[in-house]
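Chains as they are written, first to last, in our numbering: chain Y, 3 to 295; chain F, 508 to 900; chain X, 27 to 282.
In case anyone wonders, no lab produced these hints; they're calculated from the structure.
Note that the structure is a prediction, hence the values are computed from the model and not measured.
Here a beta-carbon is modelled for each residue, glycine too, at the ideal position from N, C-alpha and C.
Treat the hints with care, since some could be wrong.
For the chain F half of the interface with chain Y, some residues (derived, Cβ under 8 Å), not all of them [what the hints assert, rightly or not]:
| hint | residue |
| --- | --- |
| 1 | Val528 |
| 2 | Ile532 |
| 3 | Arg540 |
| 4 | Ser543 |
| 5 | Ile546 |
Between beta-carbon pairs, the in silico distance windows are [as the list claims (entries may be wrong)]:
| hint | chain 1 | residue 1 | chain 2 | residue 2 | range |
| --- | --- | --- | --- | --- | --- |
| 6 | X | Ser115 | F | Asp527 | 23 to 31 Å |
| 7 | X | Ala255 | F | Pro673 | 38 to 46 Å |
| 8 | Y | Arg252 | F | Pro525 | 42 to 50 Å |
| 9 | F | Pro525 | Y | Ile34 | 18 to 26 Å |
| 10 | Y | Ile34 | X | Lys171 | 52 to 60 Å |
| 11 | X | Glu135 | F | Val835 | 50 to 58 Å |
| 12 | X | Ala255 | Y | Arg209 | 44 to 52 Å |
| 13 | Y | Gly267 | F | Val835 | 20 to 28 Å |
| 14 | Y | Thr283 | F | Ser543 | 19 to 27 Å |
| 15 | Y | Ile34 | F | Ser543 | 53 to 61 Å |
| 16 | Y | Arg209 | X | Gln274 | 43 to 51 Å |
| 17 | F | Val570 | X | Asn232 | 19 to 27 Å |
| 18 | Y | Arg209 | X | Ser254 | 55 to 63 Å |
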Amino acid sequence: MTSNLQLPKIAYPGKLICPQYSTENKDGEDVIFNYACGPGTKLLQYEHNGTSLEAITATLIGTVRCEEVNNTDDEEEELEVADQSTEEEKSVDASSSEVVKRVVKVIRVSVVPGTEDDRRTSKDTNNDFANNLPKEGDIVLTRVTRLSLQRANVEILAVEDKPSPIDSGVGSNGVGIIAAGGGSGAATFSVSQASSDLGETFRGIIRSQDVRSTDRDRVKVIDCFKPGDIVRAQVLSLGDGTNYYLTTARNDLGVVFARAANGAGGLMYATDWQMMTSPATGVTEKRKCAKPF
Amino acid sequence: MTENTALDTIEVHPITFPPDVLARISPELSLQRHLSLGIRPCLRKYEEFREVTIENNTLSRYVDTENVDAKNNILGSNVLKSGKTIVITSITGGIIEENSASIKDLDDFGEDELYEITKEENVVANYASIYPVVEVERGRVGACTDEEMTISQKLYDSVLHSRILPKQALKVKAGVRSVNEDGTLSVLYPDELENDPSNETNLKMKRKWSYVLYAKIMVLSRTGPVFDLCWNSLMYALQDVKLPRAFIDERASDLRMTIRTRGRSATIRETYEILCDQTKSLPLMINSQNIAFASNYGVIDLDPESQLQDPDNAEEEVDIDMDEARPVLIADLDTEAEETSIHSTISVIANAKGNYTQLTLVGAGAKITPEMIKRSLLLSKVRANDLSTRLNE
Amino acid sequence: MNVQDRRRLLGPAAAKPMAFSYTTVDAVEKTVTNTPPKDGEGEEVLSLHTGFIENCNGSALVEARNSRHQTSLITAVYGPRSIRGSFTSQGTISIQLKNGLLEKYNTNELKEVGSFLMGIFNSVVNLGRYPKSGIDIFVYLTYDKELQNETLDEELQSKKLFSQISSLIPHCITSITLALADAGIEIVDMAAAGEANGTVVSFIKNGEEIVGLWKDEGDHEDILECISACKEHYKRYRDLMISCLLEQNNLDAKSA
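Can you build the whole structure from these sequences, using the hints too?
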C-alpha cells in the first residue's frame with residue numbers, strides 16, 4: 003500500500019482505524035485515499051473539539067487488513083469527473099492557475115479475526131459464520147428437510163468454506179436420537195415466549211423452477227432431492243421472514259452427499275448429472291447432482 | 508471386481524470441504540474418516556476417557572469452617588470439569604415433618620404373604636434419595652427439555668436403588684432453644700448432653716423431622732451426553748454434605764401437645780417452625796461403600812467405504828473390507844459427531860471394587876457383542892477406581 | 027405452593043426450606059473477628075476470561091472481588107440464529123438474566139435489568155449486519171456474596187439486596203461486551219459502565235456518549251458527580267477488557 007498513513011495493525015471494537023479520506027503529495031501529484039468500510043468495520047461519527055468527524059472504526063477484534071479496490075472503468079470516470087469539479091472549485095477559490103493532477107484510490111479496510119500468522123497459514127478460515135450470514139449470491143450447504151410438488155424445504159448448515167456456527171450443533175439444539183445414559187441432545191422444546199420467535203437453523207426453499215436451468219417446467223422435485231440429502235445451493239434472495247430462496251440451477255450446484263434408500267443405505271456417488279450410485283450395492287437413484295468432476 | 512475399481516476412480520470427489528464444514532454437513536462421514544485413522548474427532552483414542560478435574564465444596568456455606576457464610580444455604584457442592592463441559596452441583600436442604608403413622612401401623616395390613624412380597628421393597632424403603640433438578644444450558648428459556656427430565660429422574664432412581672442415603676442419616680436430631688435467666692438464648696442438643704441425663708429427658712420430643720436433600724445440577728457447555736457427568740458430580744458432592752443442626756424453640760415444644768389435639772391449621776403450625784443452627788453442623792453419613800461412578804460407551808461399525816485407503820494398495824484392501832463391517836467400542840462419548848452417529852450405547856455405574864449398580868444397553872445401531880459388554884465393564888471398573896481417588900487429592 | 031411442577035423433581039410439597047436463625051450468639055462473635063479490614067473504597071480485583079463454553083458462539087466469565095463483596099458472572103452468546111415470523115432487516119437482541127446457585131433476586135428484578143441491558147446493546151451491536159436473525163444473550167449470576175457477614179435483621183437485608191443489583195449491572199455489561207467480542211459479533215465500541223450510589227451510567231466512545239442510565243432509589247446527590255465517577259470506572263473496565271481480549275486472541279497489545 004502506498005499510503006503513508008500509519009494504520010494500526012491490530013484492532014478491537016471501538017478502535018479508530020483511519021479517517022474516511024487522506025491525501026498525500028507524491029511526485030507532483032495528489033493522491034487521495036478514500037477508505038471504504040469492509041467487514042468488521044463501520045463508519046461512525048465522532049465529536050472532537052466541537053467538530054464532528056467521520057472515522058472508520060473497528061467492530062471486531064483481529065488484525066487490520068486493507069486492500070486497494072480496483073474500480074471498474076465506469077466508476078473511475080465518475081470519480082474523475084467529481085475530482086475535476088472539486089478541483090475547479092478549489093482553483094477558483096484559491097485563484098491559482100496551477101493544476102495538480104489527482105489520483106483517487108479506494109482502499110477497503112476490514113478487520114479479520116486472528117493474528118497475522120494465522121492468516122498466512124490458512125487462507126480462508128478467518129471469516130467466521132457469525133459474520134457470514136447467507137447473503138444474495140452466496141453458495142450454501144443445506145440439508146433437505148421436506149419435499150412437496152412445488153418446492154424442497156431445506157435447512158442451511160454452512161456457508162461454503164466458512165466455519166459453521168458452533169451453537170447449532172447437537173450440543174445446543176441438534177438432532178441426536180438418544181444419548182448414552184438417557185435423554186437426547188435433541189429436544190422437543192416446548193414453545194415459550196422467547197423460543198417461539200427464535201428458531202433453530204436458518205431455512206430455505208428451492209422452488210421447482212429453480213432446480214435446474216433447462217426444462218424447468220417439467221421438474222419433478224421427488225426425482226431431484228430426497229430428505230436428508232446434502233445440497234449445494236446458491237442464495238437467490240433473503241426471502242421472507244422464515245425462508246431464504248435458493249437455486250440449484252447451475253452445473254456445480256445440486257446434491258453432493260446422499261444415502262441410498264432414503265438414508266438407510268450407504269453413501270452414493272454421482273455417475274452423471276441426474277444419477278447417483280451406491281458402490282456397495284450398485285443401486286442407482288435419481289438426483290439432481292452437483293457436477294462431480 | 509473391475510466394477511469396484513472403476514467406482515474408486517469416481518470416489519476422488521472434486522468438491523472438497525474443509526474439515527469443520529464436512530463435520531457439519533455429514534457428521535457420520537467425518538466420524539468414519541477419523542475412526543479409520545484410529546482416532547476420534549476429539550483426537551482421543553477409542554477407549555480414552557476425558558480428563559476430569561473436580562473442586563469439592565467450594566460453594567458451600569461450610570467452605571470456611573471458622574466463618575460460616577450466613578446467607579448461603581448450600582450444604583455441599585461440586586464443580587466437575589470434563590473436557591470442555593462444566594457441571595456445577597449444589598446441594599441444598601429442607602426439613603419435613605415425619606408422618607408418624609407408617610404403613611405397618613395401619614390396620615388391616617396383616618396379610619403375611621403380601622408382606623413377604625413387599626419385604627424386598629422395604630430394603631429400598633430404608634433408603635432415601637435426593638431430588639435433583641438438572642439444567643443443561645443451551646441458550647433456551649422456558650420449560651425443561653426431555654433430556655433434563657430424563658436425567659433428573661434417572662439420577663433420583665439411581666441414588667435410591669444404589670442405597671447410598673439411608674433414611675436414618677437424614678433424621679433430624681432436633682435441639683431446643685431456650686431463654687436463659689439472663690435473657691440470652693441458648694440451644695441444647697440431646698446428643699451433646701450425655702453427661703447430663705436430667706436434661707435429656709426434658710428434651711424428648713414426640714414429633715420427628717427429617718432432612719430432604721435437593722440437588723441443583725447446572726451443565727454448562729454441553730458437548731455430548733451428560734448423564735454420567737451429572738452422576739459423578741452428584742457423587743462427589745454427596746460425600747461432603749454437612750447437615751446443619753436444627754432446633755425448635757422451647758415455647759414451641761411446649762405448645763406441641765395442644766396443637767395436635769386441635770388438629771393442624773396452617774397459621775398455628777407456623778409457630779412450630781424448626782430453625783437451623785447458624786454454625787453447628789454434622790456430616791451426612793452416607794453409605795460410602797456404595798458410592799459408584801458412571802461411564803458410558805458407544806459401539807459403532809467401521810464403515811469400510813469411508814476408510815481412507817493407502818493409494819498404493821487400495822485395490823486389495825477394498826476387496827477384503829467391503830463385505831464385513833468391524834464394530835469398535837468407543838469410551839466416553841463426546842462431540843456432536845459421535846452423539847449423532849453412534850446409536851448403540853452402553854452405560855455403566857460401577858465402583859472401584861467392581862461392584863456394579865447399573866447397566867443400560869441401547870442397541871439401536873451396531874450390534875453389541877458380549878465381548879463389548881465385558882470390555883466396557885472392565886473399563887468402568889478402572890475408570891471408577893481412577894475417579895474415586897480424585898476426592899482425596 | 028399448590029401447583030407442583032410435575033416436569034421436575036421438586037421433592038415433597040410439605041418440606042420447608044431450611045431457615046437459618048440469625049440470632050445465634052457465637053455466629054455473631056465469629057463474623058466480627060473475621061471482618062476484612064474496612065478500606066471501603068478498596069480497589070476491585072477483576073478477572074476476565076473468554077471462550078470457555080463450547081456450545082455457544084461466545085462466552086465470558088467475569089469475577090469481581092472487592093472488600094465488600096464477591097461476584098462471578100457467566101455470559102453466553104448464542105447466535106445469530108434464525109427467527110421465525112416476518113422479515114426483519116436488522117438483527118434482534120434478547121438478554122436473559124438467570125439466578126445462579128443462590129436464588130437471590132426475583133424474576134421481575136432480573137427482567138427489568140435484562141431490558142435495561144437490551145437497550146444498551148441495541149445501540150452497541152451493529153445490528154444492520156444481521157438481517158433475519160436473533161442474538162440471544164444469557165447472563166448467569168453464578169455467585170454473588172457479601173464478604174462482610176454483618177448479622178442484620180431481615181428488613182435491613184432486603185434493603186441491601188435492592189441496592190446490590192445495581193452494583194451488579196456494570197459487571198453484566200462488561201461480561202456481555204466481552205462475550206460479544208468473543209463471539210465475533212460486530213459491536214461499535216467496548217461498552218462498559220460504572221456504578222455510584224445506586225446510579226449506573228454506561229458509556230461508549232471514550233466516555234463521550236452515554237448509552238444507558240439506571241437510577242435506583244438512593245441519595246439524590248449531584249447527577250453530574252455520579253456520571254464522572256462512573257466514567258472513571260468505565261475507563262478502567264474498558265482498558266481491562268481490551269487487554270484481556272488482545273491477550274486471549276494472541277495479539278500483541280503493543281502494536282495496537
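Violated hints - listed by number, lowest first
3, 4, 5, 7, 8, 9, 12, 17
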